[in-house]
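Asks: Spelled out, the chains give:
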Amino acid sequence: GNSVTQMEGPVTLSEEAFLTINCTYTATGYPSLFWYVQYPGEGLQLLLKATKADDKGSNKGFEATYRKETTSFHLEKGSVQVSDSAVYFCALITDSWGKLQFGSGTQVVVTP
Amino acid sequence: SQTIHQWPATLVQPVGSPLSLECTVEGTSNPNLYWYRQAAGRGLQLLFYSVGIGQISSEVPQNLSASRPQDRQFILSSKKLLLSDSGFYLCAWTQATYNEQFFGPGTRLTVL
Numbered sequence: 001g002n003s004v005t006q007m008e009g010p011v012t013l014s015e016e017a018f019l020t021i022n023c024t025y026t027a028t029g030y031p032s033l034f035w036y037v038q039y040p041g042e043g044l045q046l047l048l049k050a051t052k053a054d055d056k057g058s059n060k061g062f063e064a065t066y067r068k069e070t071t072s073f074h075l076e077k078g079s080v081q082v083s084d085s086a087v088y089f090c091a092l093i094t095d096s097w098g099k100l101q102f103g104s105g106t107q108v109v110v111t112p
Numbered sequence: 001s002q003t004i005h006q007w008p009a010t011l012v013q014p015v016g017s018p019l020s021l022e023c024t025v026e027g028t029s030n031p032n033l034y035w036y037r038q039a040a041g042r043g044l045q046l047l048f049y050s051v052g053i054g055q056i057s058s059e060v061p062q063n064l065s066a067s068r069p070q071d072r073q074f075i076l077s078s079k080k081l082l083l084s085d086s087g088f089y090l091c092a093w094t095q096a097t098y099n100e101q102f103f104g105p106g107t108r109l110t111v112l
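Taken in sequence, the protein lines are chains A and B.
Okay, so the first sequence: first residue is 1 according to the working numbering, each after it adds one.
Okay, so the second sequence: first residue is 1 according to the working numbering, each after it adds one.
Simulated from the structure, these hints should not be mistaken for laboratory data.
Be a bit skeptical, because a hint or two may be false.
[Said to hold, decoys possible] When the alpha-carbon atoms are kept at most 30 Å apart in a straight line, the in silico BS3-like pairs for lysine-lysine are as follows:
{"#": "1", "chain 1": "B", "residue 1": "Lys80", "chain 2": "A", "residue 2": "Lys99"}
{"#": "2", "chain 1": "A", "residue 1": "Lys52", "chain 2": "A", "residue 2": "Lys99"}
{"#": "3", "chain 1": "A", "residue 1": "Lys49", "chain 2": "A", "residue 2": "Lys99"}
{"#": "4", "chain 1": "A", "residue 1": "Lys49", "chain 2": "A", "residue 2": "Lys60"}
{"#": "5", "chain 1": "A", "residue 1": "Lys99", "chain 2": "B", "residue 2": "Lys79"}
{"#": "6", "chain 1": "A", "residue 1": "Lys60", "chain 2": "A", "residue 2": "Lys99"}
Please read these numbers as outputs of a predicted model, since none were measured by experiment.
Model the full assembly from the supplied sequences, consistent with the hints where possible.
Replies: Following this line, the structure appears as structure tokens:
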């Protein structure tokens, strides 16, 4: 079956540090890949996406590249801010019903 | 532009009481609709999805049911709540099945 594996959190960083959150997946076919962010007490917001191999999604300084050979979609940001503190979810869609398969989420805490 | 609403925002219910959570989408037609649950400290689990009025698919056998009485309305129900039904319930929609889903603000349910 399909699955998404994310690194365990929490990840604690100082402001302006480099952030990487690892995400690997197992899927049949060619999934679309997503990163969602959840701020405390809120719903999920789409952060970025990639729909085919070697695509790079980017938004708000975050980037992730769809690597088919390593089945990975790692999230990176060069200089984090306190406002980036949130839970980040990696997810994929493989079927025609559009069902999202989520990773377990990674909490990121950025301190001043 | 499209918006998605959920209500209530928070709910505290006794064990054995009924439940009705509502989700509505504006600004689009014939969306795919989804209900997810996020238990405390855990990832998101897909509960139900719908590709049209009256068409409901269940992902996980449980104490809950869903209905779609109108094109842009999705309701999550229970006849008798269990303690294990506590969690954060998120509704989402998408227009095309391999595209990103857009999430509502969520309903936090506490069953006592």
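Asks: Against each hint, give a clear statement of whether it holds in the structure.
Replies: Now the hints, each set against the structure:
1. B/Lys80 to A/Lys99: Answer holds: B/Lys80 to A/Lys99 is near 27 Å, not above 30 Å.
2. A/Lys52 to A/Lys99: holds (17 Å)
3. A/Lys49 to A/Lys99: holds (15 Å)
4. A/Lys49 to A/Lys60: holds (13 Å)
5. A/Lys99 to B/Lys79: holds (26 Å)
6. A/Lys60 to A/Lys99: Between A/Lys60 and A/Lys99 the Cα gap is close to 26 Å, so the pair holds against 30 Å.
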